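Input sequences plus hints: build the corresponding full structure.
Residue numbers (the working numbering), protein chains in the order written: chain A, 41 to 407; chain B, 748 to 929; chain C, -13 to 403.
Please note that a few of the clues may not be correct.
[As the list claims (entries may be wrong)] Computed beta-carbon distance windows for the label pairs:
1) A:G385 / B:K812: 53 to 63 Å
2) B:W908 / C:E99: 47 to 57 Å
3) A:E219 / C:D107: 54 to 64 Å
4) B:K804 / A:T49: 47 to 57 Å
5) C:S257 / A:L217: 40 to 50 Å
6) A:E219 / C:W350: 49 to 59 Å
7) C:R108 / B:K812: 54 to 64 Å
8) B:R867 / A:E78: 40 to 50 Å
9) C:A90 / B:R777: 52 to 62 Å
10) C:P103 / A:T49: 45 to 55 Å
11) A:L217 / C:I113: 58 to 68 Å
Calculated directly from the structure, the hints in this document are not laboratory data.
For clarity, every value in this text was computed on a predicted model and none was experimentally measured.
Ideal placement from N, C-alpha and C gives every residue a C-beta, glycine not left out.
The primary structure of each chain is shown beneath.
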Amino acid sequence: MTLKTEPVTINIGPQHPSTHGVFRMRVTFDGEVVVDVEPVLGYLHRGSEKLAEERTYTQVVTLTDRLDYVASMSNNLAYVLTVEKLAGIKPPDRAMYLRVIAAELMRIASHLVFTGFWLNDLGALATPLMYCFREREKILDLFEMLCGARITLSYMRPGGVFQDAPEDFWPALHRFLEEMPNYIDEYEGLITGNEIVLVRAKNVGILSAEKAVNSSISGPILRASGVEWDLRKADPYEIYDRVKFNIPFGGVGDNFDRYFVRVQEMRESLKIIEQCVEQVEPGPVRSEVPFLVRPPKGEAYGRVEAPKGELGFYLVSDGGIAPYRCKIRSPSFINLTILRDILVGWKLADMIVTFGTIDINMGEVDR
Amino acid sequence: MYGLGILQGLTVTFKNLMRKPFTIQYPEERIPQHPRFRGEEFTWYEERCTGCASCAKYCPLGIIKIVTHPGKTNMQEGDYYAIDVFDIDIGRCMFCGLCVEACPYDALFMGSGFEEGQYRRQDLVIPVDRLRKASKRPSTWFRPQLEDKGYNPHTGKELSWRQVGRHQQPSQEDLKEKWAER
Amino acid sequence: MLEGNAIFRNIYCLLAGNEGNAAYCTPLAPGQYGYAGVKFGLLPHGWEWVAYFVAGFIIVFMVVNAIMLSTALYTWFERRAIGRFQARIGPNRWGPFGLLQPIADLLKMLLKEDTVPKDADRWVFNIAPIVMFVPMLLIFAVIPFGKSSYIANLNIGILFIISVTTVSALAIFMAGWASANKYAMFGAVRGVAQLVSYEVPMVLSIVGVILLSGSLSTISIVESQRLPFLLLQPLGFLIFLLAASAEMNRTPFDLIEADSEIVAGYHIEYSGMKWGVLQAAEFAAPLATGAIMATLFLQGWRGTFLPSHLWFLLKVFSIVFLLLWIRATLPRFRVDQIMGFAWKGLFPLALINLFVTAIEVLIWPLPNTGQLWLMVGINWIVAVVSIVAFANILGQRSFRRLRPRTSPLAGVTSEVG
Ligand code: SF4
Ligand code: SF4
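Shown next, in the form of structure tokens:
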């Protein structure tokens, strides 16, 4: 005998502990099983793209901080790269190294936030979250040394960075590089081998490589599905062609792979920073660029491998001091397109966990 | 397998139980901020400010309000625009520091505090009188001349307007020579 | 029922120590606490029932308040300990080391607005917290806290505990159903399924203890433990620990209130003191579990050197700390896994444990010390072997590390780059 069941529709979000901001999903459940998911966006829309049209090229840097606010450095980097491409500015070497160091630190910080919150989604009472935030604090301290702020960094400027790193930054960075691998080992001890995590995450929320490529997914999610695609290698910008690192990628494309790829990326980022610290040489950090950049008429698309995927800025210049059009290709938003494919058919608990592995940031989704 | 991973996790948490907590007791203990910290309230040297309003123009939010009137004497005789109003609306400020970056005369500096909570919004606007009277502990953000001196706004003493410029103040003879030529 | 209790005896005899009660009110054997023989009680003959009532009331009053107080203290301890596990400090503002924090919490909850949802079933909604809390208190009625101090010497003590704890499933369903909230409904449905499933292995794991001690009364179980039953029943201990943490829905089995999934589950709509009572019940649960486990597996109050009450407290504390530690570390299971774990994992293990223990008891009905140690050895081997076997049958294959390998879409990448 089969029991007649009735679907239940629940709004998960915009106020929900695990929707990572003000994301809302209208989910239909059959018992515990997800039948349908409908994402509802726009609660955090601030019109960044429109605002950018009324600001000078330098002022827009402050807007990019607020896109993906757990990875502001990467946003800064993507934006200034595009402006430099547009205006034909070549930043000095030291500036590029500093930017890469900052962006990789930011990647570690962002992945730490992911790891912590993902474990929170799994139900681990905030313990890994606390550990991850402890290390993230150290990175934020480094950023405070570097640019005087912890979240809204605005460190980079078209043509370089605004100021050289202070003296005490380098010893602090060294200390961080020494400590961090042990901490990553600790997280792995807590999470990677844990049987409960394994049964919860293995073979759950599988995203096939074909589907990922067809949906224009980028970043760790794509790599977890087994596609070796990393802009740092595929389209090297800054000085990524001068450092050696591996691209970790998974095979199955399940939740565990998506977590594990990120943990491995943290290790690779540490390697990149170490090499940068060895290679960086004294020199100017900002090329002679006027405060009011006036790029020639034209358009440019610049992209970086942000912690969440390919972050692109498309700028159109009409020769004025402000962009004529600024379009942001935010990885979180595009990665959300697979939501229904990987959530439907799984249980409520899996839905939360799988959604957590997409690692969206509402500042970036709604812009 | 066999719960060994769980046991490993338990040892990790136990190790952390033995560690010192990393949080601090905020009002009593404080994390020392770096000298570059961009914070409230701004340090402004009226003596240095020419009223050029570059800062106001560069603020992405346009929250600096400047009203000036020309001084009574000629500029060549050393007078400048007198500042009537120099209000910064901290309630909307995002502490990006672009205003400081834009100031060509080293008159405006970021502050180094962060405890400026107020009960009313209008109290968040820093009027010019408060800027004049505020203790002058400029942040070293975008001011390499301060950083080179190793100045720390949290421990160092107040700096007068003569000490914060990026150029040496010319001596009296130099000045005379310069102006005499004209 | 109450007769063995020393305090009860003292009060009762003080009030009604007359000729009719002479046998009861004579001094006990040396070394035991007891009444030192007063010929005349305060009350006249024929009023013994008042004495009985007063003495009983005083005892219950003491115990209930002690439990409430220790629950309050335990909330402080749990928050501090979890804080330290998470490398932070925990509440430390109010009172020395934050010890007065429970009082502050209580005040806060009393002052908060007490909301009832519009569509809620008011009666059921209001009663549910009480139904949740009372069983927690009732459990302590049959727990021996120390040498001859307990409320009731019930000859079916364990059955009483089991039946009383089952009520909490009802309370959870009442709370979840009456809230008229879909999240609460999810929590309630999950709750009933989970609690009912975990009753089975829990009861089966206790049967081993009952077989060994030959009694259902908690007091005689404590007295019959020459070796702590933890040694004799390792499998039973483990099953009971897991099943009990599922029963009181703590991580890794906290599906019922899974805050990252269904926000707070069945108590999502509660506020103010009603929520406080629900939370108090939740915080009393580890204490109750600790007390039960100390009684069943750790020789209860028995121990050398220290006073018996202190031994009991120490044992409860160690169990509670273990539960805390697990709570601070582990993520939670999924709903189907949790049911699978109960029925496919714990249930057969409990049966194995019961089977082996039954055979042992059949062979050695009255074991001497050497035979007891032999049983310890056998049981540990059985425990390890059966756990490994079940892990192999049910478990996840060992995970593979990520290694760079040729990607199926390697061609795609090189083209674009
Ligand atoms: S710090 Fe930024 S927002 Fe604040 S006044 Fe200066 S330019 Fe404007
Ligand atoms: S503070 Fe600086 S930029 Fe602003 S008006 Fe004065 S001199 Fe000009």
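So, going through the hints one by one against the coordinates:
no.	hint	result
1	A:G385 / B:K812: 53 to 63 Å	58 Å, holds
2	B:W908 / C:E99: 47 to 57 Å	55 Å, holds
3	A:E219 / C:D107: 54 to 64 Å	55 Å, holds
4	B:K804 / A:T49: 47 to 57 Å	52 Å, holds
5	C:S257 / A:L217: 40 to 50 Å	48 Å, holds
6	A:E219 / C:W350: 49 to 59 Å	57 Å, holds
7	C:R108 / B:K812: 54 to 64 Å	57 Å, holds
8	B:R867 / A:E78: 40 to 50 Å	42 Å, holds
9	C:A90 / B:R777: 52 to 62 Å	25 Å, violated
10	C:P103 / A:T49: 45 to 55 Å	18 Å, violated
11	A:L217 / C:I113: 58 to 68 Å	59 Å, holds
Violated hints, listed in ascending order, are 9, 10; each of the other numbered hints is respected by the structure.
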